[in-house]
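> Below, each chain spelled out in residue letters.
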Amino acid sequence: MPLPDPARTAEILLRVRRGEAAAADELLPHVYAELRELARALLRRERGGHTLDATSLLHEAYLRLAGSSLPDLQDRRHFIGLVARSMRQVLVDHARARGSLKRGGDRLRVTLHASALHTPTTAVDVLALDDALTELARLDARKSRVVELRFFGGLTSAEVGDVLGIATKTADADWYAARAWLRRALAPDTGA
Amino acid sequence: MNAERFRRICEVFEAARTLTGGARADLLARECEGDAALRTEVEELLRHHDAPDGPLDAPAAVSRVAGAAVGDVVGGRRLVAPLGEGGMGTVFVAEEEGGARVAVKVLHTHLGASRRHRERFLREARLGAAVRHPGVVRVLDAGVDADEAGGAAYLVMELVEGQSLRELCEELGRVPEELCRHVARELADALAAIHAAGVVHRDVKPDNILITPDHVLRLTDLGVAHVRDASEELSHTGAFVGSLAYASPEQFATGTVRLDGRADLHALGIVLYELASGANPFAGGDLAAVTRRVLDVVPPRLGERNPQVSAFFEELVHTLLAKDPDERFASAAALRDVLDAGEDAPWWRARRDELRARAHGRLRRIRIPRATALHGRDAEMTELAQAFADVVGGRGAVVLVQGEPGIGKTRLVDEFVARLEREAELPHVLYGGAAPGAAAGATSAVLHALREHFGGDDVAAACARLLPESPALVAGLVARLAGNAAAAPLAQDALEAAVIRVVQALAATRPVVFVVDDLQFASAEGRALFHALALGVAAHRVLLVGTARPGLPERFVAGLAALPHVRRLALARLGPRDLGRLLVEALGSERLADELGWQLARSSDGNPFFVFEIVRSLQESGRLRRGTDGTWHTTGVLAEIEIPSTVVDLIAARLAELAEDEQEVLDVAACAGFEFDPRDVAAALGAARIPVLRTLGRIERRLGLVRAAGPRFVFDHHQIQETVAARLSPALAAAYHAELGEALQRRALASADATELAGEIAARLAEHFLRGGCGDRARPYLASALVHVEARSAEHAAALCRLALDASPPPPATERLATLVRLLGCLDHIGRPAEYAPTLDAALALADECGDADVLLDLRGRRALLCVAEGRHDDAAALLDAALDEARARGARRQECRMLGHRGAVEAARAQHAEARTWHGRALDLAREIGDAEIEAAALGGVGNAAWALGEYDAAFRCDEAALAIARACGDRRRESVAVGNLGTLWSARGDYTRALALQRERLHIAREIGYRRGEAIATGNLAIQLAILGRPDEACALHERQIVLCREIAHAHGEASALVSLALAHVGAGRFETALEPCRRGTELAQRLGARGLVASGEQLLGDTLHALGRADEARAHFAAATELATQVGSAMESVISALLAARLPGGDVAAARALYLAHRERLALRARMHAEHLMYQLTGERAHLDAAWERLRHVRDHAPVEYRASMLVHQPIHRAIVEDLATLGIDASV
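Listed in order, the protein sequences are those of chains A and B. For the first sequence, position 87 (counting from the first letter as 1) is numbered 87 according to my numbering, and the numbering increases by one without interruption. Offset between the second sequence (1-based) and my numbering: plus 10000.
Honestly, the hints are just simulated from the structure, not real lab data. Heads up, a few of these hints could be off.
Quick partial rundown of chain B residues pointing at chain A, CB under 8 Å, derived from the structure [said to hold, decoys possible]: (1) Phe-10006; (2) Arg-10017; (3) Gly-10021; (4) Leu-10045; (5) His-10049.
A virtual CB, placed ideally from N, CA and C, is assigned to each residue, including glycine.
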């Protein structure tokens, strides 16, 4: 599938902004493909415990697909919303693929480092997170989306609000609740 | 748990989240009354929420956080001064306890973070320390300071003086082979020692190889590389990607392959390639591009990039670059031995024979530049491949490749042949090219090919083998091949038969590819032989390829085309997409291709050869220079691209073939323009239309040069038109122009009234008549012509003005004056200071003569502005005051209005902003009174600027928005661009960087579009400043440097000074304090000379700050004092407050005075300045409220910055970093 040029990307985003749901679907496969390529390129140097910087991946993908042709802030946010969704999928796919390479026994942990200091306490098992997010979506779809946008997309609460059409305060509230819930779900000592 | 329950839990959680202690307990008790399970759930969540760290903070980009700074003590050594920055850490000069000096590299904190990393690092460093070799910089010590998770890992090394190989590369461009071999040998020896100690260097690259003043090579940075690998620093810094271009394929492999010394050999190979050819073959582009190249792409043979290298060296380098480590040299020691032995080495002797054996099958490389891959010829390559497939299957094929010179025919064929080498059965490849003027060697091309094929072998024996039954033919053929036709004469048809039989015989053993190049040069016999061959190969495994320019006889081509196994390929011009790709590759930079693209496309018209020639001439004349990363940059502004001489030759050759009547038609057409109407040409020649059309058609068919385009014709290239026109004698050209003007006028008047002729027609008429020496006939059209032309291009308009001024007969004085004034406007717009001043003088003199008082006043205004640009403010003020008196006396209100505005500009240049505002305000009122929108917009801009300088941002906003509206309504693009830029700066002051960035870009775009160079310079600077604020110092520096060049070219001294100071600021943002000093000083000095006090204040403040950062507090103090003093004089709140605060930080600083200033002015400070000031206050007093205030603003700034810049802002904006760090010490994570 040929990659859309930035002008076309901008045009699709315009339609997304106007509320055409179908438009987003047009872009997703491209976004997904682009992210996969990028992820593969970045992850080729796999070794023992490896890490992945989600944000640079996302920024790369964004730049490659949209370039600098999106002066409008809103367009950018919507686009990043799409990218964030794809990002999650890419990372999960990758983790699964890695996991399946191991014969029997434990699957290999693919971790996301979420802060500048790569300390173990902040590492997150991608597959576990994915499961937890899916579970969260069952309970409250919007909160799951907020997590995607903030965590994978790097958007602030104000921007999340803009993409989802909710108030900033609401986005904040969703985020804190979701984060606490997820932390609990991911914590090793609970059985939940 | 269901959704409803979850919602309730979250509700309570949210309410309780922001409460603490008793309040929280109360709320929980209330809300969860009777539902103990609910309370438990909520408390669980709250527990996880309150935890100080844990997963799922929003991701921050991996940031490079410097591990240490000057003055720190690391590993027992005191850091004295920074030495340089690498991808993984900063290198400092440090002092040991005994006073000895060493180099200490402090790694970025996140790289030493985990214990596992630290242990590996220490282990490897100690191994490295065991290496003692003159060619290796000694590792003295390594360790990790402090015990927190973020402790700084450091490496202590010998301090070595010298130049890096990188610098040598830049100096020499291409390093001579002797020196390359020496480097290779020394490095191989050093690597052997390292490998013997059990260490792999992993980071061999030119930056890590030093040459001492005694010319000793030393390899440095041992022991650091693996830390990078292990921590996967795939961050935004180009440094890592830069290292990546020296990596070996196995460094990317998954898991199982262990790195050994051969990886270092690969890196060495790349270094040698780069030294010998001037560029790293894998570099360029982003992470993914470089990775792909290292893994998949085999670089072109070194000989193609540098024809002077020996076969030995070329093969050596390519052996090192083998993708499979087993195919490289077995060890560094082995490599060293080979280099010691040189061409006598057994390795080379074996290789040489192998190469020679394969060379027979290769196409002899032709002198075509092969700077890039082949672009835009996929369809043609497929056709050739298909033809070859036919051939392999037993059916002969003939391909005729046609196209204009330089379009890339031979290149295409060469590329195709190169791919053939991958075939299972390597074909015989024969190549011969017909040469122009080779009348005697009628069949030379084909024979040459055969001769080359046989090479040094015994030709007679070979021929005898191939033609066993025809000894007579053999003798004759051998004689012809030896160039001695007389020895055994052969009739033409017998020769043809012999050649055909030889080729068929060859085809019996292996498929044959026979290339005959440049058929258009072949004689009649040559063509006949080709045709015979074409017939003869029909049922044999031969692919006959002929290339030809236009000009082959029709019958010949038709005869070939009629054969069933003949294909024709016509190579067309490259379309914009392919041309774009070609340029990106040739120039190594998308940005440059963008910048030059349209000019190159226009000049070359999509002909690849032209493109390369033009690029080459730009490179050779120094207008394009290669930077450290191997990519090209423009030096200065490329106004025009001259035609390189080889392209002229190409065109001249074509023109030489014109018949006389054709030449005449073409000459007139060239005067008529790039696109011309044959009717005009016919009329000018006094000929009938049809014969001229037929002549043009004939020209097109035979030689190209022109093309029909609807009812009109167009030249094939701009160059052709220019060359033809240039060859005309001036008298003849003038005569033609006059005739053309006449013809055009007749035609135009036939369908419209004389008074209606305007716009395009007027412009062409004016130009023709002017060039034709009939100045008086041009006069009626001149005014509207100039209006029309100026709207499109000030350059063109200026040229037209000059034509008009030089016209004969000379125009009357009033007209000349009007034209001069117009010319002044154009020159101002373009920025030609050298011409401007004398033109102004001439205009003033003429206005005086004519007694046109109004124009005289306007001109005096211009003179005043000139004084301002040169820094002579008092002169300007005096001139204007006198002019104002006169204007008022005469009641010339428009002039008065303008003078008022100019007067305001003088005050603004003096940094007396309150006065400036008053003046501009008066101009504004008057402009509104007399209803002059243009002046009104200008005055609004002036008031806005003054308001901005005084810190009254809302007022400035209103003014600039009003100015923008008016400018757009008038269609005044220049004013529009200024207003857009001002608004951008205002938005930036408010912290809305996204909008600011977009506006600055728009301004730059408009300025470029209308060719407004001064505006372009200003816009470039503002954009750079904005980027620096967003944390992109390198981009900002590049733009500032361009701005400096532009300002120099248009002699805009104030702009240059401003650019220098801003450049220094950008360097500071990147942490390059030493580098910042020079431009800062120069800028400040220049500003001083110009009397631009505000700018001097900024410069002094920056100097102080920089010196402070470099540890020179005493010097800093003086500068801060100067800055504060000037800033107060000028009334600039920001500068005075910040300078005072900065000064207060120095030992013995006056905190009380600074605080007083802060309190007095803080409300007037713009967002960023306020943030900075609050942070400084916090540093001085430790009061938490200040830090919170700073943080609040930081959040605002971050939230309003475009997403993609947030990370870089955090890294490269010192203020942001400092605030975040201070917050971190209080336990607050502000990195989100």
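> Does each hint hold? Answer for all of them.
Comparing the hints with the structure gives:
1. Phe-10006: Result: holds, 4 Å to nearest chain A Cβ.
2. Arg-10017: Status holds, d = 6 Å.
3. Gly-10021: Interface hint status for B/Gly-10021: violated (19 Å vs cutoff 8 Å).
4. Leu-10045: Where the cut-off is 8 Å and the nearest Cβ of chain A is about 4 Å from B/Leu-10045, the hint holds.
5. His-10049: 4 Å, holds
This entry does not satisfy hint 3, going by the numbered hints stated previously; all others are met.
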